[in-house]
Amino acid sequence: MSGGFHIVVCGSLVPDPLQTLEPMEGPTGPALKNEMMLPAVLDPWAGHALFEAAQLAKNVPDSKVWLVSLGPKAKLQQLMMSIAQKVSFELVAIDGSAGGFTDPFDVAATLADTIDKIEGLDRTRLLLFGGCASASRDSGVTMQMVAERLDIVDQFLAVDKLTVSSDGALEVLERIEAGQYQVSSCAGAPAMLGWATGSLPEPPNNPQVGMMNMRTVMPALQKAQAAEVGIGGLKYAAVELPKQRRETRVVKDTPAEEIAQEIVDWLKA
Amino acid sequence: MEKSSSAKQSKQLMSTLPGDDVRQIMWRFSDRYDLQMVVQSTREVARGVVANLVANGARNTHDWTPEKATILTAFDEAGLTQVFMDPEDGGFIEGPKNLALGLVAFELSWVDGGAATSSLASNLGLSPIHEKGTPEQRSKYMKMAVPPQPGEDRQIKRGAFALTEPLPFVGVDTGVVSGKLRIDSWEEGQEPLLQVEKRGRFITNMGFADFVTVAVDSDDERIKGSCMVILEEGDPGLYDRGTPTQKMVHQLSSTRDPAFNLKISADRIIGGYTVKDGVIIPKYSHAEIIDSVFRRTRVPVGIMSSAKLLSAPEPIIRYHRQRFRGGATTSPGSPRFDLGLQQKDDCLQRLVDVWAAGEAGAALGFYSARMFDDFDAIEKEKDQIFAEQGIKGRAQLKVFRKVQQGALEYLTMKTRPAEEQDTARLQELENDTLTQFLIMDSLANVFCPAGKLWNTGHGATILREAVSLMGGYGITEDCPGFLGQKWMDAQLEATYEGPEAVQRRQLSITMTNELFLFQFRQWIGDLRRIASTHPDSGACTLASAMNLWLWTLEYLQKTDDANGKPLFHSSRHGVVFPFADALCWLLASRCQILDMLELEAKGPENPVVAEGLEGYVNFFSDLCHVQAARAAGEVGRICAELAYGYHGHPHWDDEDRENCFEAESLDALDSIMPGIGSYGRGLGDTIEADGSHNEKAGPCAKSCRSGFVKLRARLDVCMTGSRLSKDRAAEALTQVMIPEALDYPR
Chain A
73 MSGGFHIVVC GSLVPDPLQT LEPMEGPTGP ALKNEMMLPA VLDPWAGHAL FEAAQLAKNV
133 PDSKVWLVSL GPKAKLQQLM MSIAQKVSFE LVAIDGSAGG FTDPFDVAAT LADTIDKIEG
193 LDRTRLLLFG GCASASRDSG VTMQMVAERL DIVDQFLAVD KLTVSSDGAL EVLERIEAGQ
253 YQVSSCAGAP AMLGWATGSL PEPPNNPQVG MMNMRTVMPA LQKAQAAEVG IGGLKYAAVE
313 LPKQRRETRV VKDTPAEEIA QEIVDWLKA
Chain B
8 MEKSSSAKQS KQLMSTLPGD DVRQIMWRFS DRYDLQMVVQ STREVARGVV ANLVANGARN
68 THDWTPEKAT ILTAFDEAGL TQVFMDPEDG GFIEGPKNLA LGLVAFELSW VDGGAATSSL
128 ASNLGLSPIH EKGTPEQRSK YMKMAVPPQP GEDRQIKRGA FALTEPLPFV GVDTGVVSGK
188 LRIDSWEEGQ EPLLQVEKRG RFITNMGFAD FVTVAVDSDD ERIKGSCMVI LEEGDPGLYD
248 RGTPTQKMVH QLSSTRDPAF NLKISADRII GGYTVKDGVI IPKYSHAEII DSVFRRTRVP
308 VGIMSSAKLL SAPEPIIRYH RQRFRGGATT SPGSPRFDLG LQQKDDCLQR LVDVWAAGEA
368 GAALGFYSAR MFDDFDAIEK EKDQIFAEQG IKGRAQLKVF RKVQQGALEY LTMKTRPAEE
428 QDTARLQELE NDTLTQFLIM DSLANVFCPA GKLWNTGHGA TILREAVSLM GGYGITEDCP
488 GFLGQKWMDA QLEATYEGPE AVQRRQLSIT MTNELFLFQF RQWIGDLRRI ASTHPDSGAC
548 TLASAMNLWL WTLEYLQKTD DANGKPLFHS SRHGVVFPFA DALCWLLASR CQILDMLELE
608 AKGPENPVVA EGLEGYVNFF SDLCHVQAAR AAGEVGRICA ELAYGYHGHP HWDDEDRENC
668 FEAESLDALD SIMPGIGSYG RGLGDTIEAD GSHNEKAGPC AKSCRSGFVK LRARLDVCMT
728 GSRLSKDRAA EALTQVMIPE ALDYPR
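Just so you know, the protein sequences line up as chains A and B, in that order.
Under our numbering, the first residue of the first sequence is numbered 73, with each subsequent residue one higher.
Under our numbering, the first residue of the second sequence is numbered 8, with each subsequent residue one higher.
Hints were generated in silico from the structure; no laboratory data involved.
Hints may contain errors.
One-sided excerpt, in silico: chain A residues whose CB lies under 10 Å from chain B [said to hold, decoys possible]: (1) 91; (2) 144; (3) 147; (4) 149; (5) 154; (6) 156; (7) 160; (8) 182; (9) 247; (10) 282.
A few chain A residues that don't get close to chain B, going by computed Cβ distances all over 12 Å [as the list claims (entries may be wrong)]: (11) 107; (12) 175; (13) 248; (14) 249; (15) 341.
Cross-link-like lysine-lysine pairs, in silico, DSSO-like; alpha carbons within 27 Å at most [said to hold, decoys possible]: (16) B:609 with A:295; (17) B:283 with B:405; (18) B:351 with B:389; (19) A:105 with B:609; (20) A:136 with A:189; (21) B:231 with B:150; (22) B:399 with B:290; (23) B:164 with B:270; (24) B:609 with A:145; (25) B:18 with B:187; (26) B:164 with A:105; (27) B:290 with B:421.
None of the values given here were measured: they were computed from a predicted structure.
A virtual CB, placed ideally from N, CA and C, is assigned to each residue, including glycine.
Please work from the sequences and hints to get the whole structure.
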């Protein structure tokens, strides 16, 4: 293939999963209690996408990675202090809500519009990466809408593996039902891949990488455009945390087959 | 019943635990993304690799195991090893590194003090070379201590620092070393070959160090005085790492008692040497080197103990709230279920004390670290000036005695209104390196030992309180937050790099420096002004306590004890040591108030902080008030003991009897002033006509120290409102949101 990929990763922050997440009614609709003040992490699925993108860029010469992040600017800056140390990328920041109750339609429109304006981006070499879903709301629709707006028709969801052949063709493993994979072939970019977990571990922090990234991260944060994304026309009938369910029994010396059967019976029930 | 002035209306409470944004403002690195990244990197290592080692019982052996060695690899991979280095040596942080190293120590000891010590000890091994080494020595050893970069084929080399020796040598008096340095051979035109003999004790990193910087004294008339030299594994002779120290704490650092008997070239003398009349004269004595090293490396140690205190509230709050959950009689939604032990005042109020002490210690530690960052540049300029003028040793003191007047003039002029200042003179003094050096030096010489002494010593005491708040859980290995281990570790932090007596000794000398005292007086005025706008911050309480401390200092300096011996003398430890302790309380409390004010001022600029700012400021202000009252109490106690305790108690039969009322006189006056007889008897000591008197030790001491009495009484009154602050802070602890689980081990 001639030239590398231009990989754009859509990914933002979610509240640290260890925090207490308490839905409440805010002035503009549902929100999480003290959400702005809670520590945030990179959305795990978006994180897998970013790490896979960095690995791909490393292996395919002349490739470049952009991270497009929509979130409150001050919180994005905190997030960058760890994420920017892990892999090389150029940040494109958008200042707006990253809450779990925002309308994905608005979010997708904002992301697509921003990506469209990235200077130097070659749409013919574009691989659009993101999480197949978000940890703050598992609707899993945003990436498809971004792809549609960017006229990308080859779309893959819940991706765990991407193999690029020497001619730039893509082989993609997507998760489907019952632990099976669907293997797809694609002639090449442009394509959208919504990642599941991928296969890469989280890279360790490397301050040298961080210092390099910061040359573009800080200016990107300073010039981040404000975006009006919110609940839009959505109406939430109710919001609540999933109920915890814990039924613990201590049973000794049970054969594995019997345990397995009990789990199957429970699932079927 | 006496009525209290009404407490103000309820204040906004803190909603969540303070996060990175809050700390970055308070500790002044919100504009330093290099430091923010270092914090994140360190945190990942601390709460990942380090916390897992602790949880898996790696502390249960004195040996340096392959599992423990993974900490070093993690340091290298996360860039922590390079934090100490300058960019030209492979580092990535420009300029001074004191704040950076303080933050690294803070994050590591949040989980384990031994891991923090491992990190700091590598830097300590390099510090003599960094501070006083020749350019060649710096270049060689800094570069070899940096992890190999991509494409480089080499092993990283790690260092250790060996000063302490087996008893009865170095440890208490660092001025005397038994390690010996002799000339082995010296051929014409060649570098002399030296024979080094040194035995070390409690040497950190010795289980794996590839090179060691050691303090030795001359055992050869052809070598003048003491110096420090660099030893490498592989030098001809004995490089015996020795046996592991059987320490009960900091087991994630390697400590051994090594022995060296090696031949080295004279170019390993740190800082180099000259030859005069056939005698090798090292450029720096070992004392000069360790002085410049320890004044910096002690700062992060103080920060370590405070980090542990600040790590304690989250697991303690969780334990208290969840204490009764799961019980048959505790149903969800009930106060017993939601608040658990937090229904009771005691555990809340004690936790407020723990938190307040942690804030004060961290404030003092980071204040010192920032001060040394500023100080580094000016100290280098000073060294350059003296080097150019060939002024060394005591000759420098002579110069400084002249500069001292200018420094005082500068400080005085700065306090005047702008229109009364001599602008030209002020500018001249501001641009004078030696003047500015002397002013900063007077602070650095106090803040460094104060932080090391108070943060670790008082920190250890308060950590015990934190452990007790976890009940029996606190002294188990699996106590969330490893509080028991942190408590034990704090005792070592109070000991290594100069035990408490050494810090008190230094303070007893430096705290009377006129330049320091001038600035101290200024702070009292500043605190009163702060108090006028922040009455609940404890600033007024603190100012009154500082006033009392100053009065007592002047009193002690001009007063003899009952036996006619001067009270204030640097070798009279019974006086100057507790007095130094009192000063530490004051400094820590002041720094804490300054941090709170910084948050209040800069918080609105950060949208994340702004949302909960009022609650944070209220909480931290209440903690300041609690801590200021505690500091005032300690200062009052110490000063009272010293002001009165060295005077003999008056007796009924000595001249002090003259101060007593004569009953006959009182009764005679009673006919003119009815009631004076009984009033007088109640007011003071009275001798009845038959010579009898109340049964007690003797007449009360004369109030010749009336100045003290007034200030002490005022100080006690200045505690007003401090317990209301404590109640508010305690209430905040019942409301604050905490994560569902501790984030380490990950």
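Taking the hints in turn, this is what the structure says about them:
The interface hint given for residue 91 of chain A is met, as the beta carbon of that residue sits about 5 Å from the closest beta carbon of chain B, less than 10 Å. Hint status for residue 144 of chain A relative to chain B: holds, with the closest Cβ pair at about 6 Å, below 10 Å. Restraint check, residue 147 of chain A versus chain B: the minimum CB separation of about 6 Å is within 10 Å; hint holds. At about 8 Å, the closest approach between the beta carbon of residue 149 of chain A and any beta carbon in chain B falls short of 10 Å, and the interface hint on this residue holds.
Of the supplied interface hints, the one on residue 154 of chain A holds, with its beta-carbon coming within about 4 Å of a beta-carbon of chain B, less than 10 Å. With a least beta-carbon distance of about 7 Å to chain B, the hint placing residue 156 of chain A at the interface is held under the 10 Å criterion. Checking residue 160 of chain A against chain B: minimum C-beta separation of about 13 Å lies over 10 Å; hint violated. The beta carbon of residue 182 of chain A is not positioned within 10 Å of any beta carbon in chain B (closest approach about 19 Å), and the interface hint is therefore violated.
Evaluation of the residue 247 of chain A hint against chain B yields a violated restraint, the C-beta minimum of about 26 Å exceeding 10 Å. The restraint placing residue 282 of chain A at the interface with chain B holds, with a minimum CB-CB distance near 5 Å, inside the 10 Å limit. Taking the minimum C-beta to C-beta distance to chain B, about 9 Å, the non-interface status of residue 107 of chain A is violated against the 12 Å cut. Remark: the non-interface label on residue 175 of chain A is consistent with the geometry, its nearest Cβ contact in chain B lying 22 Å away (cut-off 12 Å).
For residue 248 of chain A, the non-interface assignment is confirmed: its Cβ lies about 32 Å from the closest Cβ of chain B, beyond the 12 Å cut-off. The beta carbon of residue 249 of chain A sits about 31 Å from the closest Cβ of chain B, which is more than 12 Å, so the claim that it is off the interface holds. No Cβ of chain B approaches the Cβ of residue 341 of chain A within 12 Å, the least distance being about 26 Å, so the stated non-interface status holds. Restraint check: the Cα-Cα separation between residue 609 of chain B and residue 295 of chain A comes to about 21 Å, which is no more than 27 Å; the hinted pair holds.
The straight-line distance between the Cα atoms of residue 283 of chain B and residue 405 of chain B is roughly 25 Å, inside the 27 Å bound, and the hint therefore holds. Distance restraint check for residue 351 of chain B and residue 389 of chain B: the Cα-Cα separation of roughly 57 Å exceeds the 27 Å cut-off, and the hinted pair is therefore not satisfied. Note on residue 105 of chain A and residue 609 of chain B: the hinted pairing holds, with a Cα-Cα distance of about 24 Å set against a maximum of 27 Å. At most 27 Å may separate the alpha-carbon atoms for a hinted pair to count; residue 136 of chain A and residue 189 of chain A meet this at roughly 16 Å.
For the hint pairing residue 231 of chain B with residue 150 of chain B, the CA-to-CA distance comes to about 30 Å; that exceeds 27 Å, so the pair is violated. For the hint linking residue 399 of chain B to residue 290 of chain B, the alpha-carbon distance of about 10 Å falls within 27 Å, and the restraint holds. With a CA separation close to 20 Å, the supplied pair residue 164 of chain B and residue 270 of chain B stays within the 27 Å bound. Annotation: proposed proximity of residue 609 of chain B to residue 145 of chain A holds, straight-line Cα distance about 17 Å (limit 27 Å).
Using a Cα cut-off of 27 Å, the hinted pair residue 18 of chain B and residue 187 of chain B is violated, with the two alpha carbons roughly 65 Å apart. As the CA atoms of residue 164 of chain B and residue 105 of chain A are separated by approximately 50 Å, the hinted pair breaks the 27 Å bound. Restraint check for residue 290 of chain B and residue 421 of chain B: not satisfied, since their Cα atoms lie roughly 38 Å apart, outside the 27 Å limit.
Violated hints, in rising order: 7, 8, 9, 11, 18, 21, 25, 26, 27; the structure is consistent with all others.
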